[in-house]
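If you read the sequences in order, they're chains A and B.
Read in order, the letters of the first sequence correspond to residues 1 to 163 in this note's numbering.
Read in order, the letters of the second sequence correspond to residues 164 to 584 in this note's numbering.
I should point out that these hints are in silico values taken from the structure, not numbers from a laboratory.
Idealized CB from N, CA, C, for every residue including glycine.
Just so you know, nobody snuck in bad clues.
Distance windows between CB atoms, simulated: (1) Met51/A / Asp235/B: 31 to 41 Å; (2) Val152/A / Ala165/B: 28 to 38 Å; (3) Ala421/B / Pro141/A: 19 to 29 Å; (4) Met163/A / Asp427/B: 47 to 57 Å; (5) Pro141/A / Leu582/B: 51 to 61 Å; (6) Lys482/B / Ala140/A: 53 to 63 Å; (7) Glu151/A / Gly185/B: 14 to 24 Å.
The following residues of chain A were derived to be distant from chain B, with all beta-carbon distances above 10 Å: (8) Gln2; (9) Lys7; (10) Asp115; (11) Thr129; (12) Thr133; (13) Lys135; (14) Val152.
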Amino acid sequence: MQAAEGKVLKYGDNVDTDVIIPARYLAIQDKEELASHAMEDIDPEFRSKLMAGDIVVGGKNFGCGSSREHAPQVLQTSGVGCVIAESFARIFYRNALNIGLPIVEAPDAAKEIKDGDRVKVDFDAGVITDETTGKTYEAAPFPPFLQKMIEVGGLVNYVNEKM
Amino acid sequence: MAMTMSQKILAKHAGLDEVKAGQLIMAKVDLVHGNDITTPVAIREMKKMKQETVFDKDKVVFVMDHFVPNKDITSAKCTQMCRNFATEQGLKNYFDVGKMGIEHALIPEQGLIVAGELSVGADSHTCTYGALGAFSTGVGSTDMAAAMATGELWFKVPAAIKVNLVGKKQKWISGKDVILHLIGEIGVDGALYQSLEFTGPGVGELSMDDRFTICNMAIEAGAKNGIFPVDDKTVDYINAHATKPYTVYEADPDAEYAREITIDLGSLKSTVSFPHLPENTHEIGSFGEIKIDQSVIGSCTNGRIQDIREAAEILRGRKVAPNVRCIVIPATQEIYLEMLKEDLARVFIEAGAVVSTPTCGPCLGGYMGILAPHERCVSTTNRNFVGRMGDTTSEVYLASPAVAAASAVTGRISGPAELGL
Chain A
1 MQAAEGKVLK YGDNVDTDVI IPARYLAIQD KEELASHAME DIDPEFRSKL
51 MAGDIVVGGK NFGCGSSREH APQVLQTSGV GCVIAESFAR IFYRNALNIG
101 LPIVEAPDAA KEIKDGDRVK VDFDAGVITD ETTGKTYEAA PFPPFLQKMI
151 EVGGLVNYVN EKM
Chain B
164 MAMTMSQKIL AKHAGLDEVK AGQLIMAKVD LVHGNDITTP VAIREMKKMK
214 QETVFDKDKV VFVMDHFVPN KDITSAKCTQ MCRNFATEQG LKNYFDVGKM
264 GIEHALIPEQ GLIVAGELSV GADSHTCTYG ALGAFSTGVG STDMAAAMAT
314 GELWFKVPAA IKVNLVGKKQ KWISGKDVIL HLIGEIGVDG ALYQSLEFTG
364 PGVGELSMDD RFTICNMAIE AGAKNGIFPV DDKTVDYINA HATKPYTVYE
414 ADPDAEYARE ITIDLGSLKS TVSFPHLPEN THEIGSFGEI KIDQSVIGSC
464 TNGRIQDIRE AAEILRGRKV APNVRCIVIP ATQEIYLEML KEDLARVFIE
514 AGAVVSTPTC GPCLGGYMGI LAPHERCVST TNRNFVGRMG DTTSEVYLAS
564 PAVAAASAVT GRISGPAELG L
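Produce the entire structure from the sequences given, and follow the hints as far as they go.
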């Protein structure tokens, strides 16, 4: 799996799916148009600050709230390379992996990495490197089943392979 | 090995004798559902799959409820896409305007879910059906697509928190106060990845509507599911609504729990969650004057007949305060009809409230009661995140139907006691 590398955009605890993508936009079917509203209720500058491959870092319970898959989808479409958090809300966690958005639960990394740092996430080795501070962190590997699902590109491909 | 109630249902559906917390399993689902927001995404994902038809026309359910009756052209296109797919696939259970209700009130009411079943829905509040002794959890649209196509899905077996309910609740205290109190105790991630298993002598004190409300907000503590044991009230409810057979599962007496919590229903007071997290709970009487602009009574959390009756009892013969908009939304057509039979719509309209067709509407800032900058709403809904009901500077206070109704009368967040009730 290809490593993610980019600058960090950092947020706090309980980043909920209503701020990741407000419900008033959920009927929009065009992915790019929908993604243009990503994070606008928590950080109106998000889209202008984000470069393709950048890494979002959150605190505890990232992605809590609604089951809307639009949330990981707008982050992915916007170009987010990876989300690191102390913990993830479980539906967001499933949704991100199912659509192939890499996410990593790493409490120490999520606490210590600062906004603007350059970070590299090596998924295969399970290592997060903060290139700004030089510090490295362990990222827990996915269980084999999820690794396989991520490798084939998400749940749809996984189901197709089984059929 | 001893198992919790949730683990037993998962084991059965995975074809295994036993499962343990943390284990990844593939399990067969008895019901898959989605709404007008999540289903279009699921349809798009299913169209990428080799499997072209749903696994069972009876077990895939679409409920148009979030932005329905269509609030604008984009939402009209979403329901059109769902409607066309439902027709193509010959789905038996497609609920649109005139038959729809808010999914988590409608699906149990229609008898589509019973005790012992495993259900997934592309809506986070799918955990509601745990009130019936089912394992039910919210998933995303790609999960919904996979489950629609194959009839099975991957699950990580959850550990559980045991919530022991004791005592007898006082007048005006309802399921909403129980769950808000619990979320205040353990926090919005207090049950992350876990089941909330309710048990104890206090269970019998709770109506089915109370139990639906409690399980509905299990997700607000981060839980995978909430679940109640099956008792006479559950069986009566299932017999009144469903025709399919049900199965009763009980947790093993020596099942392991990650944590045990006891709630004395008798000591609970009316509880309010302040912005912007459901865990920011305060009891009525413990805070000063908080003026409101709007009161919403409805949603998948509190739009059932018991909720409507409680609100009506408070608003009967009283008037909604000047400068307050009170919006009452029965959760299903059947509840709406019951409200008319009991002449409760008249009570609300005479009080100066508005009565709406069933819809999720304002709960998620969709329509039918959006807040302007700096406005404040007391609401029986389930989330009070930033911008949830409108402008990012507006505020939502979560409370029971009794508090929302009393507050509508006084114009500030109040319990029924302030009205001498």
